[in-house]
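A.B. asks: Given next are the chains, with one letter for each unit.
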Amino acid sequence: MSITGIIVDDERHARQALSAALQAYPGLEIIAQCENGVDAVKIVNELRPQVMFLDIHMPRVDGFDVVELLGEEAPVIVFVTAHDEYAIRAFDSNALDYLLKPLDPERLRRTIERIEERLDQDEIGRYTQVTTGHRQLQAPLRRILVRDGSEVHVVPVNEVLYFESADDYVAIHLVDRTLIKQDRLQHMEELMDPLNFCRIHRSFLINLACLSGIETEAKDLRTAILNNGRRLPISRSGYHRLRSLL
Amino acid sequence: MHPIFAQGRNLLAAGGLWLALSAIASHLLYLLQGTEPHVAAALYSPLLFLFFFFGLSNYYICLELPIRQTPFLRLIATQLIANATTVLLWLVCGSVYVWFLNRIYPDHWEKLYRSSIMSLSSIGALLYCFWILAHYLFLMARQHEAIEREALEKKLLINETELQAIKATIHPHFLYNSLNTVANLALTEPGKIHNLCLQISEFLRYSVSYSRKASATVGDELVHIQNYLGIERERFGTRLHTVFDVDEQAREEPMPPLLLFPLIENSIKHGIDTLLEGGTITVRIRCGAEHLDIQIENPFDELGKKQGGSSIGLESVAKRIQAQYGKEGRVTCTRQDGMFRVMLSLPRQRALQNP
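For the record, the sequence lines run as chains D and U.
Going by my numbering, the first sequence wraps up at 246, each residue one higher than the last.
Going by my numbering, the second sequence wraps up at 1355, each residue one higher than the last.
Keep in mind that a hint or two might mislead.
With a straight-line Cα cutoff of 20 angstroms, these simulated EDC-like cross-link-like pairs (lysine to aspartate or glutamate) come out [unchecked claim]: (1) D:LYS181 x D:ASP168; (2) U:LYS1269 x D:ASP168; (3) D:LYS42 x U:GLU1277; (4) U:LYS1269 x D:ASP84.
Covered by chain U, per the in silico footprint, the following chain D stretches (three or more residues, Cβ under 8 angstroms) [claimed, not checked]: (5) 66 to 80; (6) 161 to 173; (7) 221 to 235.
To give a feel for the contact side, a few chain U residues facing chain D, derived at Cβ under 7 angstroms [stated by the list, open to error]: (8) THR1274; (9) LEU1275; (10) ASP1301.
I should point out that these hints are in silico values taken from the structure, not numbers from a laboratory.
We put the beta carbon where it would ideally sit given N, CA and C, even for glycine.
Hey, can you work out the whole structure from these sequences and the hints?
C.D. replies: Encoded structure:
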């Protein structure tokens, strides 16, 4: 049985050229081509390819975002990019390979061999997980990417009311809906701007812009009231953090 | 602070010169008065040397009355009054000195001083005039130097911004991307390669040759960016649309070369390239009575990863316009509802030449 793969690139010629170059390998079948990261997430969900040739520089959702969004569901990743400035990050993300454009046929042949090796190993259960290539970002995040099945949501951080932790997930509460992201609240807290978001409780990280009041029922028994009327408990250490910020 | 104190060497030289001058002057007085040499030396030399410090004060008057900007009469009158006052003050100091000399070594000092007062005041006035001359010469030299330096700095700025413009043009990203497109087309649509290579070489030729010229026409610039957009259209396909709305009479207008390219490059890089569906770049050029108005707008992704900060390209364009036109030229940009708009307003060069 042949290996299934998809090509993700925002340039039509690049997709076509890679597809043409891959014609030389009948053992690898390209089952779909996507022109952006959002489509890529959708296609991976629907078709479950084994390999993804992924461009890095793409509009809105770039190659690294795609890897992060897919998490454990990501197939074997081969980054294909014109610029070598992403190399370090790409290797950090545990991608199988990193190809530079224009493609060198000899280099591509080695990549295909590696893909075959990796997929053989997977069958005997020695698959190394693809981790997200996102190292700690210097600047606070401006938007959050959430995958809901095959759909990708891009949420501006300032539209978030609060984050709630639920086991291995974080519920992102917005004015009109709630999205679930596979992540830890601790990690979310690190990504947010510490001046705008406050961890008021072990399970809650709130957007200070949405805080409308604090109610004190007794010492160490306080409640935060948000713009939309939602009431959340404040822990003692949470209250200290909140007071130092306000 | 008087500039003479800025460097010890200058002070020493001036002091030495002054010492010689006062020695000559005191010798002159000795000849005029016909008294013993040691008496004349003891009376006149220190007094004349003291005048050195009186003369320094003139610097501030010269600084206040720049020679070209001050009405001639006012300049002469002020300097005359200053001269008389300074000499008078000096003579007062002189009489104190004479009184002091009498105390330590009584002699006919006072009589000698009184009899030589006319010659002393003339010499003082003359020396003061010498100071005026020296100060004005110094100030003029300094002004001249400042003007020259300013001109040089301006020229340097223009050169530097032009260099940046060329650098942006032959930026490796552009070359990589173009080469990539060529390589891709070789595999998919080889028939398109020839035309693309023509566009690339024309684009590079313009960048290299016009970066040395001071002026191009709006028409030249439009052909240049059309070439660039043609190259990029191969990459972006249906994601890139353009609209050109240009006054026919504007095409012949002169303008600085390579000014539009960095702006269009920005529209692609920070605009079209960030949008899933792409968008339209609109270029409007209007020829007003006195100004040439250029407006470029493009949509951008508000939810993009990078905050679309001010780019180096835009900054260098603004610098070039400032260096070339000063306050006459304007660059403004706005960012609203997912639309980025940059507007250039350049004085029409023809209007400037034949008012």
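A.B. asks: Are three or more residues of the stretch 161 to 173 of chain D within 8 angstroms, CB to CB, of chain U?
C.D. replies: violated (count 0)
A.B. asks: Within a Cα-Cα threshold of 20 angstroms, do U:LYS1269 and D:ASP84 meet the stated pairing?
C.D. replies: Distance of about 18 angstroms is within 20 angstroms: holds.
A.B. asks: Holds or violated: is there a CB of chain D closer than 7 angstroms to the CB of U:LEU1275?
C.D. replies: 5 angstroms, holds
A.B. asks: Have a go at the U:ASP1301 hint: is there a Cβ in chain D nearer than 7 angstroms to its own Cβ?
C.D. replies: 6 angstroms, holds
A.B. asks: Between U:LYS1269 and D:ASP168, does the CA-CA distance stay at or below 20 angstroms?
C.D. replies: Measuring from Cα to Cα gives roughly 38 angstroms; hence the hint is violated.
A.B. asks: Counting residues of the stretch 221 to 235 of chain D whose CB is closer than 8 angstroms to a CB in chain U, do you get three or more?
C.D. replies: violated (count 0)
A.B. asks: For the pair supplied as a hint, D:LYS181 and D:ASP168, is the alpha-carbon distance within the 20 angstroms limit?
C.D. replies: 9 angstroms, holds
A.B. asks: State whether the coverage of the stretch 66 to 80 of chain D by chain U holds or is violated, taking the criterion as 3 or more residues with Cβ-Cβ distances under 8 angstroms.
C.D. replies: violated (count 0)
A.B. asks: So, U:THR1274 near chain D? Judge it on the closest CB pair being under 7 angstroms.
C.D. replies: 5 angstroms, holds
A.B. asks: Are D:LYS42 and U:GLU1277 close enough, with their CA atoms no more than 20 angstroms apart?
C.D. replies: Roughly 17 angstroms separates the two Cα atoms, so the pair holds.
The earlier numbered hints that this structure contradicts are 2, 5, 6, 7.
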